[in-house]
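Colleague: Taken in order, these protein sequences are the chains called A and B. Just so we're aligned, residue 1 is where the first sequence starts under the numbering used here, counting upward by one. Just so we're aligned, residue 279 is where the second sequence starts under the numbering used here, counting upward by one.
One thing to keep in mind: the hints can contain errors.
[Unchecked claim] Facing chain A, a subset of chain B residues (Cβ under 10 angstroms, in silico):
1) Leu357
2) Ser368
3) Phe448
4) Gln461
5) Gly465
Hints are computed from structural coordinates only; laboratory data are not their basis. Note that CB positions come from ideal geometry on N, CA and C, so glycine has one too.
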Amino acid sequence: MVMLAMILSFSFLLAACGGDGSGDVEAGTLDGIKERGKLVAGVKYDVKLFGLKDPESGDVKGYDIDLMKALAKHIFGEDKDIDEILELVQVNSKTRMEMASSGEIDLASATATITAEREETVDFSNVYFVAGQSLLVKEGSDIKSIEDLGADTTVIAVKGSTSEKNIREKAPDAKVSLYDDYAQAFTALKSGKGDTLTTDNAILAGMHKQDPSYVLTGGLFTEEPYGMIFNSEDDEFREYVNDFLNEMKESGELAEIHKKWFGEAPPENILKENPHLN
Amino acid sequence: MDVESFVTVLSHIDQYWSGFVRTLTTSIAALIMSFILGFTIASLRVSGIKILAFFARWYVEFLRNTPLLVQIFFLYYALPQLNIGFLNLSGFQAGMLGLTFYTAAYIAEIVRAGIQTVHSGQMEAARSSGLSYFQAMVHIILPQAFRIVIPPLGTQFINLVKNSAVLTFFAGYDLMYVADSLQGSTGEVFAVYIIAGGFYLMMTIPLSVLVNFLERKLLV
Numbered sequence: 001m002v003m004l005a006m007i008l009s010f011s012f013l014l015a016a017c018g019g020d021g022s023g024d025v026e027a028g029t030l031d032g033i034k035e036r037g038k039l040v041a042g043v044k045y046d047v048k049l050f051g052l053k054d055p056e057s058g059d060v061k062g063y064d065i066d067l068m069k070a071l072a073k074h075i076f077g078e079d080k081d082i083d084e085i086l087e088l089v090q091v092n093s094k095t096r097m098e099m100a101s102s103g104e105i106d107l108a109s110a111t112a113t114i115t116a117e118r119e120e121t122v123d124f125s126n127v128y129f130v131a132g133q134s135l136l137v138k139e140g141s142d143i144k145s146i147e148d149l150g151a152d153t154t155v156i157a158v159k160g161s162t163s164e165k166n167i168r169e170k171a172p173d174a175k176v177s178l179y180d181d182y183a184q185a186f187t188a189l190k191s192g193k194g195d196t197l198t199t200d201n202a203i204l205a206g207m208h209k210q211d212p213s214y215v216l217t218g219g220l221f222t223e224e225p226y227g228m229i230f231n232s233e234d235d236e237f238r239e240y241v242n243d244f245l246n247e248m249k250e251s252g253e254l255a256e257i258h259k260k261w262f263g264e265a266p267p268e269n270i271l272k273e274n275p276h277l278n
Numbered sequence: 279m280d281v282e283s284f285v286t287v288l289s290h291i292d293q294y295w296s297g298f299v300r301t302l303t304t305s306i307a308a309l310i311m312s313f314i315l316g317f318t319i320a321s322l323r324v325s326g327i328k329i330l331a332f333f334a335r336w337y338v339e340f341l342r343n344t345p346l347l348v349q350i351f352f353l354y355y356a357l358p359q360l361n362i363g364f365l366n367l368s369g370f371q372a373g374m375l376g377l378t379f380y381t382a383a384y385i386a387e388i389v390r391a392g393i394q395t396v397h398s399g400q401m402e403a404a405r406s407s408g409l410s411y412f413q414a415m416v417h418i419i420l421p422q423a424f425r426i427v428i429p430p431l432g433t434q435f436i437n438l439v440k441n442s443a444v445l446t447f448f449a450g451y452d453l454m455y456v457a458d459s460l461q462g463s464t465g466e467v468f469a470v471y472i473i474a475g476g477f478y479l480m481m482t483i484p485l486s487v488l489v490n491f492l493e494r495k496l497l498v
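Chain A with its partners taken away, still in its complex shape (with noise of 0.2 angstroms):
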């Protein structure tokens, strides 16, 4: 096992000191992964539903891993061996946008909001997803909207999330119950404590997953993008991964990774130009 990790390290460590060999960047990271012969992306082992590590097969599955293996086939072709072209690295908030810009890994599908801020050190793609605060409900309870959510409803929140403030904000007259953790709250809407329970869509659609009697309704009342980081330096392997998206975009591979891992299809506005991209 030491041993494995030591080779994989090591030649970890040549493919990075061969890319930084070829020196410029004018050679680009595309040209990279086609002379290597596989696509090393960043990708978390920790989020559930979009890069979550079994623990007992080894595998990571989620959106961002579909999304990766798409594009690694994408590139060197549909009858290739996923595991031939395709490396996965873990990564983390932390690690991610120094991994990419160092070449380390030739682009992240991490979970990452694009901010401005980011911007400023990486590249993102268009927004690939759309994170944001829902609602989850019985199946066929009256609520369908956030304007739904009179005097009369209790809304299960978690204490001290930025959910509990924006729906306090948003639906003024709601009476809000909160619970220490997300499983509590989820228990609580079952036993039928509450009318509704709000917070980002992608952990709604984890305890949908978990019970399908409990659906996601109302849309997003807020929203963030969701965008794949990329060295700022190559804006060629960046249209080319753009160009991709809107290609599986309009075939409908998007919907359907999209519906297999959250239960819906994509929002209207996904694969727009970041908002933040100057």
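Dock chain B against chain A, hints included.
Modeller: This is chain B only, laid out in the frame that chain A set:
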């Protein structure tokens, strides 16, 4: 921690007061009901009727040997699974009932110990002077037992007030819930819980003083 953080938190003082009222009413209701229930259980245990004593004993063992939190989780989350409308308790109701059942087990033990501390010769003397068992209990044994149990009962009631903080887990809108949500919304930690502690003292200190007063007053 600085003065400013206290000012921030104190601007939500009305929320603390509403939490205070909720904690106080929950505690008083649970206090009265747990006293009645605990006293009843204790009576059953010393009644000499085997089946009742057996039931009372196991009530005490079950309630005293499981965590209060488990009991209230059961009342709050598990009972609604039975799909009987009135069993879907609010956080306040589940908390109040849970506190009552739990505290009653302790009170039953305290009262039973008190009754059994009174020398058995007292009962024999009372019975031989013509009083019935019931009369002997009410006029001879209980007044003496009551005096003995005042301090531990007082402790138990103070514990009850403090234990009511578990309501925070069930959206009970009590003091602790208010403190927890203020901690989340203001980001202040120190001031939030210091002030919450102060509000609890406003309930428990008078209770302590009252218990001490009763203890002195009833001293023979």
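Colleague: Grab the minimum C-beta distance from Gly465(B) to chain A and call the hint holds if it beats 10 angstroms, violated otherwise.
Modeller: Because about 8 angstroms separates Gly465(B) from the closest Cβ in chain A, which is inside the 10 angstroms limit, the hint holds.
Colleague: Does the nearest C-beta of chain A fall within a distance shorter than 10 angstroms of the C-beta of Leu357(B)?
Modeller: holds, 9 angstroms
Colleague: Would the hint on Gln461(B) be counted as holding, given a Cβ-Cβ threshold of 10 angstroms to chain A?
Modeller: holds, 7 angstroms
Colleague: Quick check on Phe448(B) please, does its C-beta sit within 10 angstroms of some C-beta on chain A?
Modeller: Holds: closest Cβ of chain A sits about 8 angstroms from Phe448(B), inside 10 angstroms.
Colleague: Going by Cβ atoms only, is Ser368(B) closer than 10 angstroms to chain A?
Modeller: Since chain A brings a Cβ to about 8 angstroms from Ser368(B), closer than 10 angstroms, the hint holds.
This entry satisfies every hint, going by the numbered hints stated previously.
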